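Colleague: Residue numbers (this note's numbering), protein chains in the order written: chain A, 1 to 185; chain B, 1 to 187.
Hints were generated in silico from the structure; no laboratory data involved.
Source: prediction; values computed, not measured.
Don't be surprised by glycine CBs; every beta carbon is placed ideally from N, CA and C.
Don't take every hint at face value.
[To be verified] Heads up, incomplete: computed chain B residues facing chain A, CB under 8 Å, no partners named:
#: 1; residue: Asp45
#: 2; residue: Leu46
#: 3; residue: Phe101
#: 4; residue: His105
#: 5; residue: Pro163
#: 6; residue: Trp166
#: 7; residue: Val173
#: 8; residue: Gly174
[What the hints assert, rightly or not] Beta-carbon label-pair distances, calculated as ranges:
#: 9; chain 1: A; residue 1: Glu147; chain 2: B; residue 2: Arg76; range: 53 to 63 Å
#: 10; chain 1: A; residue 1: Ala140; chain 2: B; residue 2: Glu38; range: 19 to 29 Å
#: 11; chain 1: A; residue 1: Glu112; chain 2: B; residue 2: Arg2; range: 55 to 65 Å
#: 12; chain 1: A; residue 1: Glu26; chain 2: B; residue 2: Asp25; range: 51 to 61 Å
#: 13; chain 1: B; residue 1: Pro10; chain 2: A; residue 2: Leu184; range: 41 to 51 Å
#: 14; chain 1: A; residue 1: Thr143; chain 2: B; residue 2: Glu40; range: 24 to 34 Å
#: 15; chain 1: A; residue 1: Ser32; chain 2: B; residue 2: His105; range: 27 to 37 Å
#: 16; chain 1: B; residue 1: Glu11; chain 2: A; residue 2: Thr36; range: 48 to 58 Å
#: 17; chain 1: A; residue 1: Leu184; chain 2: B; residue 2: Gly174; range: 46 to 56 Å
#: 18; chain 1: A; residue 1: Glu112; chain 2: B; residue 2: Asp107; range: 54 to 64 Å
#: 19; chain 1: B; residue 1: Pro41; chain 2: A; residue 2: Glu21; range: 26 to 36 Å
#: 20; chain 1: A; residue 1: Ala140; chain 2: B; residue 2: His105; range: 22 to 32 Å
#: 21; chain 1: A; residue 1: Glu21; chain 2: B; residue 2: Glu40; range: 33 to 43 Å
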Amino acid sequence: MAESPIVSAWREPAALAAVSEQLARERVVQLSGFFTEPLPEPPAGQLAREERPGFAVRETGPPLLVDFWRLPVLAEWLARATGTRWDLRDCRYERYGPGDYSLLHDAEGEGERLLLALDLTRRPQVLLGGFHIFSFADGAQATCERETGALLLARLGAGDLDCVRYVSQLSHGAVRLECAHFELS
Amino acid sequence: MRSHNIEVIPEPFPHVVVRDFLDLDAVAGELEWLAGQEFEPGEADLFSHSSTRELGAASQLAGLRGALGDPAWRSRVAAAFDTPPLRSLDLAAYVYVQGDFLLPHDDRVEGRQVAWSLHLTRGLREQDGGALELFDTAGDVAGRVVKRIAPEFNSLVLFRVSPQSWHQVVEVVGEVQRLTVTGWYHG
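So that you can see chain B by itself, here it is in the shape it has in the complex (with noise of 0.2 Å):
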């Protein structure tokens, strides 16, 4: 397990940036073989986008899982966005290609703690899209974005769920794919 400083950005917000998050020499095998799973496009009124199954238990992603549930990074991230102790995790791949999209939401369902997602793709440029964008809010209420955060490749994004936490992610209008692994902690 690598070690990562978790510095929390408050605004708009609790959120972290971890850069350089993988080891990705320990873990291209995992990354192959999940660019070979199926993904099954979705769509609803908030979304549309490409997605596999969850993927918590799957043996072939035993050094992310590692990564991500190893249970003193957990500890340290319950820490940092001062959440109860986070027992579980889940995560799927997701796919967005051409004109996919995610429109504003604040990601709470029951029992979730905090939101993370781990950018997969290589060579994103602003003009494709594809950005995390955060929302500041008055109550629970969204207001404007005042926070873009580029989908750097092997970057890992968390923020702590709350009625605050409202965010999207930017249609994607460039001829790429953004893949991310993306989940969420359980209290």
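Chain A with its partners taken away, still in its complex shape (with noise of 0.2 Å):
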């Protein structure tokens, strides 16, 4: 892995600190080309299928970057991001294919959070659904399209939820991302 796996783009004074100007009003980022390394493969045989009707059908397995996630480099970035340390709480891969979604009340009840989702789907274009919703608790509402190695950043409260939305049967490929959930330090 580089020194700094994060592009140098996004660690530019100007561009965090536009970064945190977004994250406190929109509480969503989408960081396009966050990654300068190559986007990984998702592994082979490894993953688990996930059957909770009315809460999450997919599929999930280990992190490919857990190295990644648990890099200094990162956690300081987010600190300049966000004004706030976080800790690392939980890694995973997840992949959604035609048919599986997961709803809003997945993460229901969870506090103070940050989700950071590296996209690694390839062909987003051909994908019908599978992009992200949040909902937050004061009411607001946003959708993030998918976006081949972009970093969706979100600043979740309790009582925020987020999920992916139903991948259609009609659709050709799959959502694959790498998620990471933080906690306040």
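Assembling the complex is the task here: the two chains are given apart, and the hints tell you how they should meet.
Modeller: Dropping the structure here:
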């Protein structure tokens, strides 16, 4: 892994200030081309099918980028972007093929946290659905389309929810995400 | 009011399928009026479909409401599902087109006793999607799909709303429109 796997453009003070401002205002930012390394391939044969109708139907597996999520340089970048220090709580790989989904109550009841989702989806333009939905406790909503290589960064509080929209059976391909949750230090 | 047999199928949760529910000659004008209503697209994490406004008070649907709201019919439905008296019903029309779906949920909202859906599209094929699927449960948690009910034209599906009444509408994948009138009886 390179000295800093975060592309230099996102480490510039002006860019960080813009991220910080947008995150404070909208609570969700999508950062194109965040990661300098080649996007990793999903594991073969390591995914487990999760079938919880009414909550989530998807495949999950061990994280591909656990070293990245634990990097001090990432922790420092997050601290500068949010004004707060965070600890990695959990991380994993998620795959949503045709017919898969998660629903908004999947993460209900959690406290203040950061969600980081690195988008490893190939050819998102052939997907129907599969985008990210955020529903905030104050009633605000946000959606983020899939974008290969982008980092989705969301600052969530108690009662804030997120999910991956149902992927149509008419889709070709799948949503592939490397997801990490951070909690307050 | 036509006389229908109400045979409750207990598994995976109490439900009824009544075929040939409406006297089509009697309500032909109402169905035509219904098809001409404005359908508003709706999307959430749980669903994608279009629906009309609440039509329970629409004078143009007197025959349909008479069939579903007839006191004797309601009493028989309540007795079949062992519910308190069914005092009111609400209804709206829903259209699912290609890509529309309704993901698993149990329909529980305060006051709902019995859910119902009347299928009004002719000639849907299994490969078009749009079937109603019922789940088994472990406690209140949905398990696997154990029953699929085809959206047969002029069939009425009813089920008792409970922590076990997990169901979904399979995504419509054909180039069709799946029209229903759907609602709930309230206690």
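Colleague: Against this structure, judge whether each hint is valid.
Modeller: Now the hints, each set against the structure:
For Asp45 (chain B), the interface hint holds, the least distance from its beta-carbon to any beta-carbon of chain A being 5 Å, beneath 8 Å. At its closest, the beta carbon of Leu46 (chain B) sits 6 Å from a beta carbon of chain A; the interface hint therefore holds under the 8 Å criterion. With a cut of 8 Å, the hint placing Phe101 (chain B) at the interface with chain A holds, because the nearest CB-to-CB distance is about 6 Å. Proximity of His105 (chain B) to chain A holds as hinted, the smallest CB-CB distance being about 6 Å (cut-off 8 Å).
At a threshold of 8 Å, the smallest CB-CB gap from Pro163 (chain B) to chain A is about 12 Å, leaving the interface hint violated. Evaluation of the Trp166 (chain B) hint against chain A yields a held restraint, the C-beta minimum of about 6 Å falling below 8 Å. Because the closest C-beta pair between Val173 (chain B) and chain A is about 5 Å apart, less than 8 Å, the hint holds. For Gly174 (chain B), the suggested interface contact is broken, since its CB lies about 10 Å from the closest CB of chain A, more than 8 Å.
For Glu147 (chain A) and Arg76 (chain B), the hinted distance range of 53 to 63 Å is satisfied, since their beta carbons lie about 55 Å from each other. With their beta carbons about 28 Å apart, Ala140 (chain A) and Glu38 (chain B) fall inside the hinted range of 19 to 29 Å. At about 59 Å, the beta-carbon gap between Glu112 (chain A) and Arg2 (chain B) stays in the expected band of 55 to 65 Å. With their beta carbons about 57 Å apart, Glu26 (chain A) and Asp25 (chain B) fall inside the hinted range of 51 to 61 Å.
Distance hint for Pro10 (chain B) and Leu184 (chain A): a CB-CB separation of about 50 Å, consistent with the stated range 41 to 51 Å. Taking 24 to 34 Å as the suggested C-beta distance range, the pair Thr143 (chain A) and Glu40 (chain B) does not conform, at roughly 19 Å. Taking 27 to 37 Å as the suggested C-beta distance range, the pair Ser32 (chain A) and His105 (chain B) conforms, at roughly 35 Å. At roughly 56 Å, the beta-carbon separation of Glu11 (chain B) and Thr36 (chain A) lies within the given 48 to 58 Å, and the hint holds.
As the Cβ distance of Leu184 (chain A) to Gly174 (chain B) is approximately 49 Å, the hint placing it in 46 to 56 Å holds. Checked against the given bound of 54 to 64 Å, the beta carbons of Glu112 (chain A) and Asp107 (chain B), roughly 33 Å apart, lie outside it. Taking the beta carbon of each, Pro41 (chain B) and Glu21 (chain A) are about 34 Å apart, inside 26 to 36 Å as hinted. The beta-carbon spacing between Ala140 (chain A) and His105 (chain B), approximately 23 Å, falls within the hinted interval of 22 to 32 Å.
Against the hinted window of 33 to 43 Å, the Cβ-Cβ separation of Glu21 (chain A) and Glu40 (chain B) comes to about 36 Å, which satisfies the hint.
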